[in-house]
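J.: Add chain B to chain A, keeping to what the hints say.
Quick note, the sequences are listed as chains A and B, same order.
The first sequence begins at 1 in our numbering and counts up one residue at a time.
The second sequence begins at 1 in our numbering and counts up one residue at a time.
Source of the hints: derived by calculation from the structure; they are not laboratory data.
Careful: at least some of the hints might be erroneous.
[As the list claims (entries may be wrong)] Each computed DMTMM-like pair below joins lysine to aspartate or glutamate, with the alpha-carbon atoms no more than 25 Å apart:
id, chain 1, residue 1, chain 2, residue 2
1, B, 577, A, 191
2, B, 577, B, 366
3, A, 38, A, 203
4, B, 577, B, 595
5, B, 577, A, 197
6, B, 375, A, 52
7, B, 159, B, 366
8, B, 581, A, 203
9, B, 577, A, 203
10, B, 376, A, 52
11, B, 464, A, 52
12, B, 375, B, 493
13, B, 581, B, 593
14, B, 543, A, 52
15, A, 45, A, 153
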Amino acid sequence: MLSLLLIILAATFFTGVIIRTKSIASGRKGPGIFQPLKDVIRLFKKGAVYSETTSFVFQIAPTIYFASVFVAMLVVPFGQSKGIISFNGDFIFFAYVLGIGKFFSIIGAMDTGSSFEGMGASREALYSMFAEPAFFILMGSLALLTGFTSFQEIFSALHLGSSISYALALMAAIVFLIIAMIENSRMPLDDPKTHLELTMVHEVMILDNSGFDLGLILTAGYLKFAIYGAIIFNLFIGTISYGYAIPMFFVMQAFLAFVVGMIESFMARFRMNHNAQFIVVLSSISLLIFFGALLISGKFI
Amino acid sequence: MNLVRGFILIPFIAICLIPFLRMKGNAIAVYTAVSLNAILTGTIAFLALTGNSYELTLSGSLISGPIRLQVDALSGWFMLIINFAFLTGGFYGLFYMRTYKDQPNNLALHGILFVLLHTSLLSLCVIQNSIAFLVAWEIMALSAFLSVIFEHEKIATVKAGINFLIQSHVSIIFLMIGFIWVASQTGSYDFGAIHSYSMANSTELSLMLYLFFFIGFAIKAGFVPFHTWLPYAHPAAPAHISGIMSGVLIKIGIFGILRMLLLINLNYTIIGTIILVISLISGIYGVMLAILQHNLKKLLAYHSIENIGIIGIGIGLGCIGLGTNNLVLSAMGFAGALLHTLNHSLFKSLLFYTAGNVYQATHTLDIEKLGGLVKKMPQTSMLFLIAALAISGLPPFNGFISEFILYTGLFSSIPHALITSLIGISVTIIGLVLIGGLALMCFTKAFGVVFLGNPRHAFHHEVKEVSFYQLLPLYFIAALIVIIGLFPKVFLDLMIKPVQLFTNLHQLPFISFQGNGIEPLLSVSFAGWIFIALAFLIFGIRKWALRGRRITVLPTWNCGYTAPTARIQYTASSFVKTYSKLLGVLFLIFKKEKEVEGIFPVAAHLETHPYDKLEKWLIDYPTTNLKLFLDRFRFFQNGQLQFYILYGIIFIISIISIPLIYDQVMLFIGFLNKL
Chain A
1 MLSLLLIILA
11 ATFFTGVIIR
21 TKSIASGRKG
31 PGIFQPLKDV
41 IRLFKKGAVY
51 SETTSFVFQI
61 APTIYFASVF
71 VAMLVVPFGQ
81 SKGIISFNGD
91 FIFFAYVLGI
101 GKFFSIIGAM
111 DTGSSFEGMG
121 ASREALYSMF
131 AEPAFFILMG
141 SLALLTGFTS
151 FQEIFSALHL
161 GSSISYALAL
171 MAAIVFLIIA
181 MIENSRMPLD
191 DPKTHLELTM
201 VHEVMILDNS
211 GFDLGLILTA
221 GYLKFAIYGA
231 IIFNLFIGTI
241 SYGYAIPMFF
251 VMQAFLAFVV
261 GMIESFMARF
271 RMNHNAQFIV
281 VLSSISLLIF
291 FGALLISGKF
301 I
Chain B
1 MNLVRGFILI
11 PFIAICLIPF
21 LRMKGNAIAV
31 YTAVSLNAIL
41 TGTIAFLALT
51 GNSYELTLSG
61 SLISGPIRLQ
71 VDALSGWFML
81 IINFAFLTGG
91 FYGLFYMRTY
101 KDQPNNLALH
111 GILFVLLHTS
121 LLSLCVIQNS
131 IAFLVAWEIM
141 ALSAFLSVIF
151 EHEKIATVKA
161 GINFLIQSHV
171 SIIFLMIGFI
181 WVASQTGSYD
191 FGAIHSYSMA
201 NSTELSLMLY
211 LFFFIGFAIK
221 AGFVPFHTWL
231 PYAHPAAPAH
241 ISGIMSGVLI
251 KIGIFGILRM
261 LLLINLNYTI
271 IGTIILVISL
281 ISGIYGVMLA
291 ILQHNLKKLL
301 AYHSIENIGI
311 IGIGIGLGCI
321 GLGTNNLVLS
331 AMGFAGALLH
341 TLNHSLFKSL
351 LFYTAGNVYQ
361 ATHTLDIEKL
371 GGLVKKMPQT
381 SMLFLIAALA
391 ISGLPPFNGF
401 ISEFILYTGL
411 FSSIPHALIT
421 SLIGISVTII
431 GLVLIGGLAL
441 MCFTKAFGVV
451 FLGNPRHAFH
461 HEVKEVSFYQ
471 LLPLYFIAAL
481 IVIIGLFPKV
491 FLDLMIKPVQ
501 LFTNLHQLPF
511 ISFQGNGIEP
521 LLSVSFAGWI
531 FIALAFLIFG
541 IRKWALRGRR
551 ITVLPTWNCG
561 YTAPTARIQY
571 TASSFVKTYS
581 KLLGVLFLIF
591 KKEKEVEGIF
601 PVAAHLETHP
611 YDKLEKWLID
621 YPTTNLKLFL
631 DRFRFFQNGQ
641 LQFYILYGII
651 FIISIISIPL
661 IYDQVMLFIG
671 FLNKL
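Isolated chain B (complex conformation):
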């Protein structure tokens, strides 16, 4: 009880204080509140992960009934991820936001929202009552919306924010339908009621119910085709908010999908297949579009869709494993999904923070204008490189570990699988491999064009590395990325309890990550060690061999051309030209072109704007048609007060008269029946 009081009191005090504090005090208050709450909830979460769940029932209100709070292993895992992301992101934000110190009011609001976002995200992991859950969900959505539109003087930012706000509320509608459905049948808002309701009814009905929740949570998570808000909201937000949104906010969607999986009794093979198909599409579609992007943050946002796809593949495989009584597939699927959730929150937030550094130094995120930053910002480049390697799923970094877990589950279930699941497995393997290959292409492009080569654009201000304190949390994240890659065992042990929650759904005897073809994870980290040792050894030999030899520094070889400029470098667009031509059918690329003509050509130019085909079909067409349809009712809104009063009167009269008329009609029908 005291814990809950503390949990609510800390942010409350901070929120009351912030408006009265100046710039520095504001920052201290925000960060203290976040860290105090992180310590408080982190301890409980950690205890839950080691097997000591925490449960508590609040008396609640008349409408909601008693509110149950529960920290089990699943909530614990997500709470730790959220806390880490907020601690590092908050610290980064303290220094990132210094640029805006001439807007104290805006900053105070931003601080309040940051604390609220943290509190609401943590509460969502804990609350087991649908009304309280929806309230927390709404607080989260609103505080995220207001954090996104920090730079609200830009029209594009506000547009992106409103897009996010609307789609968040579409997601809430789906969740509400699900919760009201259960409450109307059982009369209880407790999550336990969802479980008992699905146990009492057929699996088809449960599947319908689950799909409502799934769509609601999938909009938040950003599965294709519910992803369209993501590529707008992420670039519009300040860097630390983008990092946190991509790192943990969309993961709360994943948490919801997993939580409902625990509550609703389902035919796991069917739901697993549905999730798997959607995730494969998300994974491949996300990265395919990411490659085309010219805006660094937009590129990263599309990559979030890809990684949500990978997490979803894990969940889908886990469900199929449950349905087919395949212990290895099930354990590896869920373990892969949970670990990738952590991994993605690490490397994606690191990528967003480094992109933020780039933005601070150059004031642009247009890849085609950047280049050669590695010399001006060596530390940022190094950190970006580590995150890029990790997100491409390459050993010895953490992304490889989670993908390897998924592959192990897939390959180890091949020998016993039947024809139908074999086709599913092989399609999944091809999908994962393609995602890996495309991600490699995408991040060689991003890193190569932004940080390497010569600067493509002359900036009028000095481009310099950000301060050490701003880089400090980034080093923490990078260290954790490497640690997970090299010592995966520690994290796998923490994941035993959460994975057990899922395997217990079908009484599969999962005890730990040992035996049953799960051991290779140790060998994989060992192989990673060998790789690192070898790389250092060879580098040492190289250094030793080159000592005392003549080292010359000359211009890059340009095949005999002696006056190269930065403009002859390969650009991001040309890097992906062949690719976009090959798969051109799938994309929508708007082109503005003026070709080189005549004997004495004048300046020519080419502009391309990649756009999302799915967005055009699923969002743009319906909205324009809806607008056209609704325009017909425009005449109602004619601006004359008399008419509005008339509408009011008609409304009041109909409210009063409809029940009366209904009674009369019923009376008449009764009379007819008597006849």
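One chain only, chain A, in its complex shape:
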């Protein structure tokens, strides 16, 4: 319950901080950090424009996409306090329920019959396929390290003792951050602010969405960032009391948003055909974590 509230709160400013960081880095003043939230509220009040090619799939896709992200959020814990849904292997559910959202956002894009949206859909399907093994290897190594198989138990049992475990947690944080970038189609893979449809991934998929639907999709994007931020925070929280943990959570989320903003300011987008290789690198980092976990648990003979 606690995690739900905190994630929603963090989601309100996360994207705003990214945009603000980017503006300041490029010498502009930039909008306030709650501007994305205001944009969404404005969208929720609008009517809608639908393409004449679309069918019922296009109508339900944004809803299901949002619902899948929301249900995934319910699984994420906050330190000792469980998520609303918590069971052994809940991270499998987490990944797969995000999968159903992805399925619908892809077919929603295909429903418009536009060549550009098909392009984005194809890229999204490919990248998410490559990103998924990294997540599962990572969670497998954490399960190996702690002996548990649910988010909450793993995170509360994750004691950062030796220096090698700090290294592991740091690497895990990097993996989660990059997965968050892939899931949200952010900079090194996709430029959300590009003006050329040919080079977009996520943005081009939602070209035809408008009004309430677009609001849902954007909100889901904000939530996704905060969800991954919360997971990263959980890696380090251990058994710190809530009095310290909650302020630290917001500081950490703001810091992550700042990091994303800095990456987007000072890095160029990869060429499209390099993206897949980059994502496969992610899996190798998580394999490194797996071997690190093997070392710590003394399974190497």
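T.: Frame of chain A; chain B shown alone:
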């Protein structure tokens, strides 16, 4: 005894009647026979699942010895799956086959084969005598072959059928070697003899014996590299036969593998590893090729290979669990395999039936020619979507439940595993995840290109939804898919007895799916409920928020281009272009290309034909070489009668003289020995 009489009498009467009936009577006779037998065997099967096994010994013949019939929990589970598939598939077939009502003789034959296929499949689950088993197996293979070549006026269909026939018989050879091996050592054809033989001999010998059976059954199941018949036979058959073949016919291979596991005493870790490796390869290779296919049914056929891989992963894990005394891994492995067998038979047959609807409406299965069907065939699209979501293993549908069971087994055995099994576990997890991701890509492509967007091809006939009765069985299947996803407990309880059969092999104390980290299945269905409730809630809010607002309908945004045609849509090939380029090394794609050239370009075109690299190496090369070799003996067949008579005489003389010469040689050797 009376049950067996009824079981044989019902199809017999139907088969005798069918040739004398007209179109409608034929359909009624077939369906009545199938449903009567389904009720009869379904009851026994259900009783077996609740713990009351049924056993009976027939007197048999002089050669075969007494024939034992046994319905245990494993047979029960498979018999229920077979019956459900035939009831829904048969009903669908009644309406699907109406298109062919100008071929009454062909239809009568088809009806007879349908009944025979049902009867033989059910008997295979029951018979415990190798000779009777092989006879039933042969009936099944032949009736399946003749059902596949229903449209025998097409050359491609007959070719596919013959491919299937030959590979079925290769499978029978392997089974026969296994059965004869045991019979020659023990003198009995009873399945019990296989058990006692393997108990009396070393595990290495049992492993060899098991591998013969495994290869025989794996050809039927379609494990890579024995899969090459599948992508030809499935598209060639009528839709309901494809559905039944993919749903239950290949599952009889899985049944055989499981049955032999129960009979043969093995080193379970070794056999588990072998099955696991083959299954992982099948799973990933199957779906990787499926993505490239342009023919909808061929795409689905490759997906069957993938799903057989997932089932095999479950069996492999279960065996490894047995070998390492890991109760959770073993129970979850076998439970996952059995549940996925049911799940796959549901969503795959649903996919084939909807593909059949598409074929009936458009007369083509070429994905690149379809598109925009969701507006013409909304119900078919909806059903296809449900099956596509389920086969991609997404919650809250049934595919997710069986995959989740496998994942639970894997993850829960991580903490206690040793280094070697840890590597195996992590490779399996990566494999399963990749399969899931690739399946998602494949089915977003299939659904998106076939049903969404604008039509890519102008058909000269009206494209319309099929009749309600034809859709009715499809709704039943879809309902069961959702029910398994939302109430998995009911089905898990039914699976306790079959899973116990396997855990008992190693005296593992498996009682029910509770405790030991198995409970999350309830929470998973609960989470599924939350997801559905939330989706409906948000959709309601959306509806409420949009009421009274201005809704405009305009053309799709084309980045400023104002005259879009259907041809600028993303095609299936372009959807998977990046993917096929990235993994191009693994595929064999034949290309025919004419590029755009010059200042005033004329029409250009690009054609791609994906082909199976393994098929090229394992089937095509050996067959061409064998052909070349056998061509050298062509001169024997010179068409002159005199020569043929000569061959006959030489044959007869050698038959008579070889024993005589042998006796003389033995006499001579005896004489030498005496010296």
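J.: Going through the numbered hints above, which ones does this structure break? Give me the numbers in ascending order.
T.: Of the numbered hints, 12, 15 do not hold.
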